[in-house]
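Asks: If you want the building blocks of each chain, they are given just below.
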Amino acid sequence: MSIPLKIISVLAWRNLWRNYRRTSIMLLAIVVGVWAMIFMNALMIGMVDGMVKGGIRNLPGHAQIHHPAYRDDPSVVNNMPAPAGDLLKALGSDGVLGWSARVRVPAVISSERDSRGVILLGVDPVREAGVGFDLSDLVDGRFLEAADDTGLVVGAKLLQRLETRLGKRVVVMSQDPHNNVAERGFRIVGVYSAELDSQEETFIYAGRETVQKMLEMGSAISEVAILGQDYRDLSVWYPALEQAAGSGLEVRDWRELDAFLDTMLGVQDGMALVLIVIIFIALSFGLVNTMVMAVFERIREIGLMQALGMRPSSILYQVLVEAFILLVLGLVLGNLLALLTIAPLESGIDISGIADGAEMFGMSTVLYPALRAGDMVMASVIVMVLGLLSSFLPAWRAAHINPVEAINKI
Amino acid sequence: MSSVSCKDLSKTFTQGDEIIVGLDQVSINIEEGSFVCLSGPSGSGKTTLLNAIGGLDKPDGGEITIGEQRVDQMRKAELADMRLHNIGFVFQAYNLIPVLTALENVEFVMQVQGRAVAERRPAAMAILEEVGLKGMQDRLPSQLSGGQQQRVAVARAIVSKPTLVLADEPTANLDTKTSAQLMDLFVELNERRRVTFVIATHDPRIMAYCKRLIKMQDGKIVADDLQQPAIAAAG
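The listed protein sequences derive, respectively, from chains G and C.
By our numbering, the letter at position 15 of the first sequence is numbered 15, and the numbering carries on one by one without gaps.
By our numbering, the letter at position 146 of the second sequence is numbered 146, and the numbering carries on one by one without gaps.
Simulated from the structure, these hints should not be mistaken for laboratory data.
Errors might be hidden in some of the hints.
[Stated by the list, open to error] Within a straight-line C-alpha distance of at most 25 Å, the following computed DSS-like cross-link-like pairs (lysine-lysine) qualify: (1) C/76 to G/6; (2) G/53 to G/6; (3) C/58 to C/76; (4) G/6 to C/7; (5) C/7 to C/58; (6) C/134 to C/161.
[To be verified] Label-pair restraints from in silico Cβ distances: (7) C/218 to G/284: 43 to 53 Å; (8) G/299 to C/33: 34 to 44 Å; (9) C/85 to G/299: 23 to 33 Å; (10) G/336 to C/42: 18 to 28 Å; (11) G/299 to C/218: 41 to 51 Å; (12) G/313 to C/8: 44 to 54 Å; (13) G/313 to C/217: 45 to 55 Å; (14) G/296 to C/225: 25 to 35 Å; (15) C/193 to G/14: 55 to 65 Å; (16) G/372 to C/75: 33 to 43 Å; (17) C/193 to G/313: 24 to 34 Å; (18) G/296 to C/61: 27 to 37 Å; (19) C/32 to G/400: 26 to 36 Å; (20) C/61 to G/400: 19 to 29 Å.
[To be verified] Where chain G lies over chain C, by a calculated footprint (3+ residues, C-beta under 8 Å): (21) 49-60; (22) 161-175.
Note that the Cβ used here is the ideal one computed from N, Cα and C, for glycine as well.
One chain only, chain C, in its complex shape (with noise of 0.2 Å):
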């Protein structure tokens, strides 16, 4: 399900009179169980891309097919039940839901799929535990930092075990220890479980635990080159 291939992917936005071109045919195929890394400039295409993929945007054209479901031919409710089964979402500021605690936000997704609490609660615990926030699971998000929004929004994309992970600078807002506690998180995941991991970032750390990295300029593909990942997973 989790493989991923776009081809001829174009995206324009209209800022004024100004075209800005977001994805330029783009073409790209990842497969089941890779841990690809978008890098590039800001405006590069690496978030518009990454929309395109999670079904957020709609490109103008070209063709995006996740498994063997055809994305840009899917209607909204199904693009949302596949967001829903299959994708986890981090995004680039936190999008934490505010009026819900750290534990709601993270089970909201298992709530949406309809699980009972008896399984959603210790799985959410479980995972924000993981991602360092044993004891913070009542507070809403006004009352935790900058890094540990985004720590519960990592937990929320993974909690349900979704077979792709879409994350837009996952860890631009986190310390050096957390970061890299953070990747861990998601290398050990993507061995695991096999787990697709397609992450948008700037940070040469992160880009150091990809096993393929993807560099954009100008909505375009201008690098794509497969790496042994310089840091492994702890432990």
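Chain G extracted, bound-state conformation (with noise of 0.2 Å):
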């Protein structure tokens, strides 16, 4: 006659918290195992998701809309009309969170005192704000107001290479569609900083109609760059852009405007499994290592039970309840550490200390961790089937026990 689940489980629970001293040990265990996992996985996909979402507003966008040779030749020759018609509609469509149609070309910055190459971006503000350019990186001045502000935003990477200053004016050189030089002289009213020194040295903002107008374009525009929900997930509208976009335009993903975004990504997605799977093995031996421990050193008291008329499979589900209940509280007490030790960081975590470099690979060096709630159901199925699986050797050997050699084990 096999014990009724309900005994085995007062057994089980009663036998726990009698050894509370061997309990709480298996128990912290099991709760530093669940944490690091929780935790160093949410680091690694705050690292993953900082480099992309970093890269992306680089970039910036989800996607983009070209002329076909765009890509080979970022010159104002290759521009294409603004969105109108089907591909505005697709562009308002769900999970496109915004859009910002652009003037993007190559040009020559002066100051009085230098000149550099940098990359002119004409912006509708109110559109580049939701898309390609964070407010909250404008270190002094303010941010253009209209698409037909004069004004110029600057880095201020590029600020100290012109040896320059807020409110000073600048030329700004390009050739426009005829292979006519095109300058404008601009005054610099906003100055930005960002995590590449780059990124700030490279990138000009002016009003999209004053560069449109300086460059001789009419309404032309260089590309569209599109922000979705998810940068994992474009499925739900991006098929209907490049449909709605046809073949005279050229639509990509970010995958692949940016190739090495797209490799560093998967390296990052490895590197994050190779550490999950590490500490998934040495939680498994934590717990195969605490739960024979603790068989053996109650090898007399089981050989007794047996003795006394449990059955050898009664005391394999004990075994396997008392690690059950072990990996229930385990679970929630790792969850809520995680929640605990996780929330107060995410303003994010400043690694620029032990992260010399990191700039390069586009890493942010503030580390924003990402605790995702199916991550933490993730993380707890696999603990509690591999909390399972692995106490079930040391339940197999307690249920095997030769009761009379049990019984005089001193």
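Please dock the two separately framed chains into a single complex, following the hints provided.
Replies: This is the structure in structure tokens:
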């Protein structure tokens, strides 16, 4: 006759808490393991997310529409009409958070002290702020106020290179579609900072209509940058956009636009997986070890229970139920600990001191741990399954102890 | 159910290179309601025989029958069920479950049998009182003396009303008075409920309670005598 689960559960629960020292050690091992998995996963995801989001913002967007020749020759000649008709409708579909039509051309900026090659971005500031420019990056002055704003926003590093300052005038020179030099004087109205010095040195922002007028390109633009809800899943809106753009325009997602970023994402995902596997293995060894020790410590007791009439299968269930209770408690506490330790770090962890050169790989020097419910559930399910599997060996050994030998063990 | 029959039981143990004979062609019949003592020096095979009868240790050869059931042919689960429902054990060392209180230890077998608290709690309390441990039910084994622990072990062995009690030196750690009380209890259970007792002992005072005395030496039965119990149950 098998013992009802209720009785086994009562015996298991009682046994766990009478051995509170051993139970506490095992619980601690599980809690630390669960916490480490969730915490490290959150850090890795935060790192990948930061890298991709930073990269996407620099690019910017989850996808871009261009003239088919623009990517090979990003000159003003390879322009496209501003979105209209079906394309405009597709840009307004669900899943598209924002889009920005830009003029983007190579240019030279000159101050009274120096000149630099830059990329001139003619933007509609309202749309751009929702897609490619984070207003919190402004460190001085203001951002553009309208598409016909005649001011210029430059990076802090460029300002330093040009040995100029906010409020001073600079000259921006480029080429118009007729291969004539086009130039215009701009007053610097804003200064921004970026994760990468190269970004601060490269991109300058002016009003789109002002740039269009300067380059004599009418209402034509260089590109449309689109921002969706999730950079990992563009399927909601991307196909419709491709269809609306037709064959006259080229639509590319961020993976195609920035192969380096895509590769780095793959590398980071792989590293995260390796790290998680290592933690899983360490956790499973810890679990097996503590459970085996727990069984051997109780060998007399288990032998006695068998001698008194407890079936081997009941012993096996009892050890498994003890492991299950421990795992449930460990998971609850581990998840809580992860929540408690990650929540205060939501504002970011400054790793600039230990991450010299991280910027080279497009990584931010501020790490934002990303705690996702799905990851917590997955980690919990994996730990539970792994824990029960790990407990099976000691449970099986406990069930097959010879009662006479066990009782006589000192 | 409680008659025990052993036929040509043999059991050897290996200790290093040495082979030790535990049981050597032991044959014995113990009728239902018997009160039997196994005596003999250490290593004579008393404990080995008790373990074999109780299905704790498998003999190398021979047959063991309890009632109509062939113990030597049972699977582990069947042996466990038989011990749970029919046999009460009193081991040489007290062998209580250290994490359970005296009351919980006594209740353990009934709990595993699936009996409700309302049924098992009063029975456990009554038997604890009977073995002189009233008021000590909430103590852990570590908080009890050796004699008290042995009394808890005895209470656990008899509380579920087994038909066969196998006791290995049950009074080894008890004082004379408590030993006598315990043996009185055994005799009373034997006479009133016809519980079969097989008791391994060195103690002549315990042997004096037995109706049958089996002497063992080197794994063999060297004497098997019926006797008039010198000490009858008190009261």
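Asks: Now look at each hint and say whether the structure bears it out.
Replies: Verification of the hints:
Proximity of residue 76 of chain C to residue 6 of chain G is assessed by CA-CA distance (about 23 Å); at most 25 Å being required, the pair is judged to hold. Under the criterion of a C-alpha separation no larger than 25 Å, the hint pairing residue 53 of chain G with residue 6 of chain G is inconsistent with the structure, at around 51 Å. A hinted pair counts as satisfied when its Cα atoms are at most 25 Å apart, and residue 58 of chain C with residue 76 of chain C qualifies at roughly 10 Å. Of the pairs offered as hints, the one joining residue 6 of chain G and residue 7 of chain C is violated, with about 41 Å between alpha carbons and a cut-off of 25 Å exceeded.
Distance restraint check for residue 7 of chain C and residue 58 of chain C: the Cα-Cα separation of roughly 14 Å lies within the 25 Å cut-off, and the hinted pair is therefore satisfied. Note on residue 134 of chain C and residue 161 of chain C: the hinted pairing holds, with a Cα-Cα distance of about 20 Å set against a maximum of 25 Å. For the hinted restraint 43 to 53 Å between residue 218 of chain C and residue 284 of chain G, the CB-CB distance of approximately 51 Å keeps it satisfied. Our hint of 34 to 44 Å for residue 299 of chain G and residue 33 of chain C holds, since their Cβ atoms are close to 36 Å apart.
At about 25 Å, the beta-carbon gap between residue 85 of chain C and residue 299 of chain G stays in the expected band of 23 to 33 Å. As the Cβ distance of residue 336 of chain G to residue 42 of chain C is approximately 57 Å, the hint placing it in 18 to 28 Å is violated. The hinted range of 41 to 51 Å is not satisfied by residue 299 of chain G and residue 218 of chain C, whose Cβ atoms lie roughly 30 Å apart. Taking 44 to 54 Å as the suggested C-beta distance range, the pair residue 313 of chain G and residue 8 of chain C does not conform, at roughly 32 Å.
Checked against the hint of 45 to 55 Å, the pair residue 313 of chain G and residue 217 of chain C fails, with Cβ atoms roughly 40 Å apart. A hinted range of 25 to 35 Å for the beta carbons of residue 296 of chain G and residue 225 of chain C is inconsistent with their spacing of about 45 Å. At roughly 31 Å, the beta-carbon separation of residue 193 of chain C and residue 14 of chain G lies outside the given 55 to 65 Å, and the hint is violated. Separated by about 50 Å at the C-beta atoms, residue 372 of chain G and residue 75 of chain C break the suggested range of 33 to 43 Å.
Judged by the Cβ atoms, the range 24 to 34 Å given for residue 193 of chain C and residue 313 of chain G holds: they are separated by roughly 31 Å. The supplied range of 27 to 37 Å is met by residue 296 of chain G and residue 61 of chain C, whose beta-carbon atoms lie about 32 Å from each other. For residue 32 of chain C and residue 400 of chain G, the Cβ-Cβ distance of about 33 Å falls inside the hinted range of 26 to 36 Å, so the restraint holds. At roughly 23 Å, the beta-carbon separation of residue 61 of chain C and residue 400 of chain G lies within the given 19 to 29 Å, and the hint holds.
Coverage of the stretch 49-60 of chain C by chain G holds. Counting CB-CB distances below 8 Å, 4 residues qualify, and the rule asks for three or more. Counting residues of the stretch 161-175 of chain C whose CB lies closer than 8 Å to any CB of chain G gives 0, so the stated coverage by that chain is violated, three being the minimum.
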